[in-house]
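Engineer: Here is what each chain is made of, one letter per residue.
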Amino acid sequence: MNYLDLAMNAAETLGAEYADIRIQKTIDQVIYLQNLSLKHTSNDVQQGYGIRVFKNGAWGFAHSNVFSDEAVLATVKKAYETAILSAEVNKDKKLSLAPERSYLATYKTPIKIDPFNVPLTEKIDLLLEVNRVMLAYEGIKQARSLLIMHKDEKLFANTLGTRLDLSTHFINPMITAVAVTEDDSQSRTFDEGGRAIGWEWILELDLINIAKQIAEEALIKVKADTLGEEQRRALILDPNHLGLTMHESVGHATELDRVLGWEADYAGVSFATPEKLNNYQYGSELINFVGDNTLEGGLATLGFDDDGVPGQKWYIIKDGILKEYGSTRDTALEIGLNSSRGCNRATYYFNQPINRIPNLYLLPGTKPLTPGELIADTEDGVYIQGRGSYSIDHHRINFQFGGDFFWEIKNGKLLRPLKKVIYKSYNPEFWNSCDAICDERFWRPFGVVNCGKGQPSQTARMTHGSAPARFRNIRVGGSQ
Amino acid sequence: MNSEKIVKYIQTNCKADDWSLNISEDDSHETRFAQNSITQHISGATKEISLSVSFDGRKGSCSVNQDNEESLAYLLKTAEDIAKLAPVDPEFVPSEGKKDIPEVDNCDPETKALQPKQLVDIVQTSINEAKKFGATVSGLTEKHIRSDGLFTKNGFAGEFEYSDFGHSMTLRKEEVETKVSYEAKKFADFNLKDLCDKLQHQATTLAVKQNFEPQKIAVILRPVALQELLWFMGWMMDRRQSDEGFTPFTDKIGKPFFGDKFSWYSTMQQPQLLSLPYSSDGIISEEIPWIEKGILKNLPVSRYWAKKINSKPSSAYNMYIPGEGYTEEEMMKMVPRGLIVNTFWYIRSVDTKAGEFTGTTRDGVWYFEDGKIKYAVNNLRFNEIPHDATRRIISTGKSELASPSSLLPAMLIDNFNFVDRTTF
Numbered sequence: 001m002n003y004l005d006l007a008m009n010a011a012e013t014l015g016a017e018y019a020d021i022r023i024q025k026t027i028d029q030v031i032y033l034q035n036l037s038l039k040h041t042s043n044d045v046q047q048g049y050g051i052r053v054f055k056n057g058a059w060g061f062a063h064s065n066v067f068s069d070e071a072v073l074a075t076v077k078k079a080y081e082t083a084i085l086s087a088e089v090n091k092d093k094k095l096s097l098a099p100e101r102s103y104l105a106t107y108k109t110p111i112k113i114d115p116f117n118v119p120l121t122e123k124i125d126l127l128l129e130v131n132r133v134m135l136a137y138e139g140i141k142q143a144r145s146l147l148i149m150h151k152d153e154k155l156f157a158n159t160l161g162t163r164l165d166l167s168t169h170f171i172n173p174m175i176t177a178v179a180v181t182e183d184d185s186q187s188r189t190f191d192e193g194g195r196a197i198g199w200e201w202i203l204e205l206d207l208i209n210i211a212k213q214i215a216e217e218a219l220i221k222v223k224a225d226t227l228g229e230e231q232r233r234a235l236i237l238d239p240n241h242l243g244l245t246m247h248e249s250v251g252h253a254t255e256l257d258r259v260l261g262w263e264a265d266y267a268g269v270s271f272a273t274p275e276k277l278n279n280y281q282y283g284s285e286l287i288n289f290v291g292d293n294t295l296e297g298g299l300a301t302l303g304f305d306d307d308g309v310p311g312q313k314w315y316i317i318k319d320g321i322l323k324e325y326g327s328t329r330d331t332a333l334e335i336g337l338n339s340s341r342g343c344n345r346a347t348y349y350f351n352q353p354i355n356r357i358p359n360l361y362l363l364p365g366t367k368p369l370t371p372g373e374l375i376a377d378t379e380d381g382v383y384i385q386g387r388g389s390y391s392i393d394h395h396r397i398n399f400q401f402g403g404d405f406f407w408e409i410k411n412g413k414l415l416r417p418l419k420k421v422i423y424k425s426y427n428p429e430f431w432n433s434c435d436a437i438c439d440e441r442f443w444r445p446f447g448v449v450n451c452g453k454g455q456p457s458q459t460a461r462m463t464h465g466s467a468p469a470r471f472r473n474i475r476v477g478g479s480q
Numbered sequence: 001m002n003s004e005k006i007v008k009y010i011q012t013n014c015k016a017d018d019w020s021l022n023i024s025e026d027d028s029h030e031t032r033f034a035q036n037s038i039t040q041h042i043s044g045a046t047k048e049i050s051l052s053v054s055f056d057g058r059k060g061s062c063s064v065n066q067d068n069e070e071s072l073a074y075l076l077k078t079a080e081d082i083a084k085l086a087p088v089d090p091e092f093v094p095s096e097g098k099k100d101i102p103e104v105d106n107c108d109p110e111t112k113a114l115q116p117k118q119l120v121d122i123v124q125t126s127i128n129e130a131k132k133f134g135a136t137v138s139g140l141t142e143k144h145i146r147s148d149g150l151f152t153k154n155g156f157a158g159e160f161e162y163s164d165f166g167h168s169m170t171l172r173k174e175e176v177e178t179k180v181s182y183e184a185k186k187f188a189d190f191n192l193k194d195l196c197d198k199l200q201h202q203a204t205t206l207a208v209k210q211n212f213e214p215q216k217i218a219v220i221l222r223p224v225a226l227q228e229l230l231w232f233m234g235w236m237m238d239r240r241q242s243d244e245g246f247t248p249f250t251d252k253i254g255k256p257f258f259g260d261k262f263s264w265y266s267t268m269q270q271p272q273l274l275s276l277p278y279s280s281d282g283i284i285s286e287e288i289p290w291i292e293k294g295i296l297k298n299l300p301v302s303r304y305w306a307k308k309i310n311s312k313p314s315s316a317y318n319m320y321i322p323g324e325g326y327t328e329e330e331m332m333k334m335v336p337r338g339l340i341v342n343t344f345w346y347i348r349s350v351d352t353k354a355g356e357f358t359g360t361t362r363d364g365v366w367y368f369e370d371g372k373i374k375y376a377v378n379n380l381r382f383n384e385i386p387h388d389a390t391r392r393i394i395s396t397g398k399s400e401l402a403s404p405s406s407l408l409p410a411m412l413i414d415n416f417n418f419v420d421r422t423t424f
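Sequence lines, in order, name chains L and H. 1 is the number of the first residue of the first sequence in this note's numbering; add one for each residue after it. 1 is the number of the first residue of the second sequence in this note's numbering; add one for each residue after it.
A couple of the hints might just be wrong.
On the chain H side, residues computed to face chain L include the following (Cβ under 8 Å) [what the hints assert, rightly or not]:
1. I38
2. S43
3. Q215
4. D351
No lab work stands behind these hints: they were computed from the structure. No experiment lies behind these values; they were computed from the predicted model shown. Every residue, glycine too, gets a C-beta built ideally from N, C-alpha and C.
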């Protein structure tokens, strides 16, 4: 008998109302260069299984890295006993699971060139050349390049009869140039986030030319002016900036576990509570956010979540109105939904899955509009590219964001580069101030690979996306 | 396979010029509760075996989480293959050699003996107390027994074990949210009744709330809030980063860069503090003043940079900040008006070179005037430069444990820079 069947039979024999097992092998290859020093080259493997048992309205989860019949049976027993302990506490307030059917399925990230098959020397040589190019610029004092390649192989089974074979990949390049003058130091980073794609993306990117641009912009930035006093201005935000803004102010705010208060002790709760569904003006009528765990290249496009629920696509905000959340089987029924949206994910085999942000993106504008036209239509504003400082309160209302590269806009033109720009806003002011979004030709994804949440903390991945968009009358100024 | 056998395997089979082997384990039990129910409950042990090897300054590394012979063979071959393909690292330093490793008592037998049922009983009591108070409670109760071993070809051999027990509670009652937490190596010092009483006292005093606009104002930062902010500053305190001009500490060693009421040490002399005997690359923990009476004495130095600047490597393995011993009541009388901040949230760097950070308050902010708490206020956002803020310290409290690695006092700081407010 294989371990999947062994575990599920044992859980049912013990009396589990529901159980699942996730056998998971995760491999990360990380290459990091600082200047011409190869600081880190590694291949890291995490392999084991996690077993969840649901009994009397409570979870128990146990994990092990030992593969034998005895160890699997012992882990099932530990998970069951842990659930029984939990259930004693949950007598007055039991959890319940939304209904789900069984599936027999496989899913593989579609990749053309497996990054793990690309010779290591080719990867290192590329990053060395990237750093050499940046260091060749006078004034660039530090060059950093990072390449993360990741693959997950999962076998999943549950007592509903589901059996899944999932194999997913992502790749994430990032390069940074740091310029130093006598009185300042500023960095500029190329960061489009991660993508569920193969090495072919790296070949398309032309990192050498990007390195030149990054180094030149770092030198411009370190000598740039600051903006001075905070004033109400327009903001035009690039997709590689807006990705994080939507992540923090929409993505986390619409995770159902936060809405229910399940993250109250650490990651925080949400202002977007259920009575606001279908009536709350979260954003202007241009604002349409879609949860989409079927998005091509999306980091949360995994076939199924760790509840065994398939990837789905749904509106979270439609025409500016809050419509729904990202949910899991154990949160959905709490607000009367009849099924999960498939957002339960764990990072490694030893993590119990939790409610995570799906791939979540802002639909592009429906009228033809280029970034150039958007800038030409803006009298007084700041154009922000890339991500910088970001901080939001634990109800996901008040936030302050920086960026990586800034241009002042005056009378429809990019007037001068800026540094140390920050903007402050809050929900729902910010998304209601959006008055223009470029069209679908300019829509770009932005993959977040390091979304921290949970106790114990886990790091999840998801993809956001947008076209450049304008926000009016936002408080924008310089840091201290 | 135990550590001894793993080391033996590497010693016997590794053909590299140099190697360094880290073995870490964590046997843990974590009970997570929210809104008066257990929502997650996790039990298990993890292991990580990491090997770094080098041939003529070419480095490679690999890690696995299983200790059977097949996994170790993969570990060794992968690390060696990577190293053979890598270019020579111009910043290569050989692994650490034999060292005298300080003996530190980091593992508490009582913590080690904790059973899952005891952890669940703590959760049950916490929920019962919250219910009696008409509130909901969320938190995490956890126990970890961790071990770390470092072994190198050059003769470093060290192993240590440490314990960790934590219990946090966030209470919500109508609009009030507040939190208390305990985390230490010793379970013996944990007092659930005191913690529940403190939580309910905080909630009671937060019930009357008024709007408060952002401004520069005196603050009493409680130890948990302060340690969060100071650790962010601490991560910027790297000797190389400073020597190369990236941080505010460039050319500041030996100078009075901080306020004269501010000192920061890493020490093994405070028994409450977790003090790991060496870092992951073998830097031995020693008594070290980073900041003494406002003067920047030392910055942590990596092994490579220490060799380059002819210095001694060092790491900030914990935070001990001595205090003057004033109580909150005494500090409130030292300024006409001010705020007490329970914790901070989502602190991030705004300007690395300036050393500026942003973040918000969380879990309770109280306004005081004429030496007394008047009412609670909404949460606020700050943009502040911590090293600059230390120059505005008016007084400090008694050092207390804010986390296993942080022993520090509350501080009364003038003109703390709040720049925005939340709506709650």
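Engineer: Does each hint fit the structure? Answer for all of them.
Structural biologist: Going through the hints against the structure:
1. I38: 4 Å, holds
2. S43: Given a least distance of 5 Å, the restraint on S43(H) holds.
3. Q215: Violated, about 15 Å.
4. D351: Since the shortest Cβ distance to chain L is 5 Å, the answer is holds.
Consistency note: the structure conflicts with earlier hint 3 alone.
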